[in-house]
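Start from the sequences, fold in the hints, and give me the full structure.
Chains A and B, in that order, give the protein sequences. Under the working numbering, the first residue of the first sequence is numbered 47, with each subsequent residue one higher. Under the working numbering, the first residue of the second sequence is numbered 181, with each subsequent residue one higher.
Certain hints may be false.
Restraint-style ranges between C-beta atoms, simulated for each label pair [unchecked claim]: (1) A/G431 to B/E348: 50 to 56 Å; (2) B/Q260 to A/E294: 37 to 43 Å; (3) A/K336 to B/R323: 49 to 55 Å; (4) A/D56 to B/L328: 55 to 61 Å; (5) B/R347 to A/T48: 47 to 53 Å; (6) A/G391 to B/L359: 48 to 54 Å; (7) A/F97 to B/Q260: 57 to 63 Å; (8) B/I318 to A/D56: 56 to 62 Å; (9) B/L359 to A/F531: 55 to 61 Å; (10) A/I303 to B/A201: 40 to 46 Å.
Straight-line distance between alpha carbons at most 20 Å, and here's what the computed SDA-like set of lysine to any residue pairs gives [what the hints assert, rightly or not]: (11) A/K290 to A/I421; (12) A/K477 to B/Q260; (13) A/K434 to B/L271; (14) A/K434 to B/I318; (15) A/K477 to B/L271.
Here are a few chain B residues that sit away from chain A, every Cβ distance over 12 Å (derived from the structure) [unchecked claim]: (16) R202; (17) V217; (18) S267; (19) A268; (20) A275; (21) F358.
The hints are simulated quantities; they were obtained by calculation from the structure and are not laboratory data. Where is the CB? At the ideal position from N, CA and C, for every residue including glycine.
What follows is the residue order along each chain.
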Amino acid sequence: MTESILAGADQIFTVATLLTMLLGAIAGIIAAAIPGFTIAMAIILTLPLTFGMPPLQGVATMLAVYVGGYTGGLVSAALLGIPGTPSSVATTFDAFPMARRGEPGRALAIGIWSSFAGALISTVVLIIAAPPLALIAVKLGPWEYFSLIVFAMTIVASVAGKFMLRGLMAGMIGLLIATVGPDPIMGVSRFTFDSYLLGAGLPFLVVLIGIFAVSQLLSEVENADQAKQGEALISGKIVFRPFKVLREILADPVNLIRSSLIGVLVGAVPGAGGSIANLVCYDYAKRGSKTPEKFGTGTPEGIVASESGNSATSGGGLIPMIALGIPGSAVDAILMASLMVHGIGIGPRLIVDHPDLVYGMFMAMAIAAVMVLVICLSSMRLFLGVTKISKSVIVPVVLVLCLIGAFALTQRVADLYLLLGIGIFGYILRKLNYPLAPVVLGVILGPIGESNLRRALMTNEDWTLFFTRPISLILLVLAVLSIAFSIRSRYRQRHVEKTREASS
Amino acid sequence: MTRQASLAARSHDDRAPEGAARGSAAAHIVFNGLLAVLFVFLFVRAGTYPSSMWEPLGAGTFPRLVLGMLVLFNVMILVQETRHFLSASPLPAKACRSWIWRHRLMFGVLLLFALFVFAVPWLGFRWSSLVFLLVAQILLGTRRWKSLLIACVIALAFSFGIEMLFREVFLISLPRGFLD
Chain A
47 MTESILAGAD QIFTVATLLT MLLGAIAGII AAAIPGFTIA MAIILTLPLT FGMPPLQGVA
107 TMLAVYVGGY TGGLVSAALL GIPGTPSSVA TTFDAFPMAR RGEPGRALAI GIWSSFAGAL
167 ISTVVLIIAA PPLALIAVKL GPWEYFSLIV FAMTIVASVA GKFMLRGLMA GMIGLLIATV
227 GPDPIMGVSR FTFDSYLLGA GLPFLVVLIG IFAVSQLLSE VENADQAKQG EALISGKIVF
287 RPFKVLREIL ADPVNLIRSS LIGVLVGAVP GAGGSIANLV CYDYAKRGSK TPEKFGTGTP
347 EGIVASESGN SATSGGGLIP MIALGIPGSA VDAILMASLM VHGIGIGPRL IVDHPDLVYG
407 MFMAMAIAAV MVLVICLSSM RLFLGVTKIS KSVIVPVVLV LCLIGAFALT QRVADLYLLL
467 GIGIFGYILR KLNYPLAPVV LGVILGPIGE SNLRRALMTN EDWTLFFTRP ISLILLVLAV
527 LSIAFSIRSR YRQRHVEKTR EASS
Chain B
181 MTRQASLAAR SHDDRAPEGA ARGSAAAHIV FNGLLAVLFV FLFVRAGTYP SSMWEPLGAG
241 TFPRLVLGML VLFNVMILVQ ETRHFLSASP LPAKACRSWI WRHRLMFGVL LLFALFVFAV
301 PWLGFRWSSL VFLLVAQILL GTRRWKSLLI ACVIALAFSF GIEMLFREVF LISLPRGFLD
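Following this line, the structure appears as structure tokens:
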């Protein structure tokens, strides 16, 4: 093992590898900061550039893009209220309000440190726990996946705030949106009405950008007088004191470590990933907090939970890939493709046949986390400068970037029309106080939930298996407890509000 | 005190926030009513999708499950908001027109964005985004010569500049039109 570690280190600690990793980390941060660009796309674009590199250098560069991407989504989430990637949706809940009340530097600093911690913790867990965790992941059948989705949907109750009925409806709308287009099992076209616009369904990225970004940008210009006076996104002096914030985060290590571990676990489940992890971690942090009512108003705990959780999925996603040869997410599938291009066979024997490569990847993850931390700490003042730019510049420019984000992945002009329509719908939902996160949650989880439900019943028509298989039962019980807890919290909150009103 | 007497006792300023509650309730009733009709239509449509001999659930089962719950939630919200509507103060005169006027800039930006989206396949990304960025910045308050000059630079950078970046560096082609 020592020889393998040294062999891996020998390949990682070269000027060429460290330089390409540094460039990759910068590219990942910038790509994820642009709404719609996504980490997967950034890695896809990096892949051809790595063909001429040695295998470990190529994979290390893409891992740097990967780790950078999970941190980069924080920037637009905090400064614009638009998640740069799906894994930053929960970050907007608290980072944006914190930035809006004049603390954008603090919001970014909390996110940067939390991302760093999440990535490091996931690397440690990856090294220690990859084989046993992978064995659990492989035991998950369609019953367990469906129950996991049911459990994840109960997060809707937590993120819906005081409008629980509207939140549930928003989640269902998300599930409905996901059913448009070809059915995942039979390929039957559903709700397309023979239109070329809807024939391929509603792409998840277009829904994310339209629902969040376009609606947010339109709401920025509601007040004509303020917008025309050259109002910036955030007024007042901007303070960025990252080391003071670090002490603040370390004062509550429980949330940080718990969220990172949840992120690793979720990342280890093939198909789950950062887009689910950030919401699950946020939900757990809220339930475990002494002040859950502060979530959604700009509390540091919410940002810590979301950012450490989503960054931790980077290590978690490598667990099934290294231990079993199964990609944990789309990004891991691209990493596998990169290794295959270099003639390296992926499978359960990867760590046995290429230990230097595997240990080199572990080291690359840790080094990438440190690089991203240094880059972010030294360049965040530049990003914070965005908050001083007038809305008359920011709104049109970000709308153009959103359009590019919606077009770039699929190269379909039809997606631009869908973006417009979904953006208008998202704005209406926003104006009528419908929470938007449940819509995105429904769109992400809907296809996974439906296809696993149908596969489960195709395999065995006995529906009681959902309750008799242990892991599935545990997840369903957790879902019921989750709903009960949310209802109880909501009643308590209403009681407190009524008491306050009566006393005033 | 009767409802009319209660309303008469309130000052004009007092009525404005309560009018807003009625406006919100009315908006919900319209929105959720339309959605309920749409969801019922889709529910019926989903019943026509084929099933398969290899699985107990067909293509339409899951959507019907979701749509059924959506219709239920919509009806619940409609009942809730109708109660709010009936108990809230009446809207002030020309409330709708006033709301639209207050949000005129938002409507302007939305219209401009819509024109931009429809122009992209015709003019291409570069020219349509150049025009959009210039007009949008002017619409949003850019007036002085110095600001206009900066607006032109920004428009060029984020139209032609960004198209070149995506084409040359990322190897992603953005839409081209008849002007390209």
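Structure-based check of each hint:
no. : hint                         : in the structure
1   : A/G431 to B/E348: 50 to 56 Å : violated, 26 Å
2   : B/Q260 to A/E294: 37 to 43 Å : holds, 41 Å
3   : A/K336 to B/R323: 49 to 55 Å : holds, 51 Å
4   : A/D56 to B/L328: 55 to 61 Å  : holds, 57 Å
5   : B/R347 to A/T48: 47 to 53 Å  : holds, 48 Å
6   : A/G391 to B/L359: 48 to 54 Å : holds, 50 Å
7   : A/F97 to B/Q260: 57 to 63 Å  : holds, 59 Å
8   : B/I318 to A/D56: 56 to 62 Å  : holds, 59 Å
9   : B/L359 to A/F531: 55 to 61 Å : holds, 58 Å
10  : A/I303 to B/A201: 40 to 46 Å : holds, 45 Å
11  : A/K290 to A/I421             : holds, 18 Å
12  : A/K477 to B/Q260             : holds, 18 Å
13  : A/K434 to B/L271             : violated, 38 Å
14  : A/K434 to B/I318             : holds, 19 Å
15  : A/K477 to B/L271             : holds, 18 Å
16  : R202                         : holds, 14 Å
17  : V217                         : holds, 15 Å
18  : S267                         : holds, 17 Å
19  : A268                         : holds, 16 Å
20  : A275                         : holds, 15 Å
21  : F358                         : holds, 14 Å
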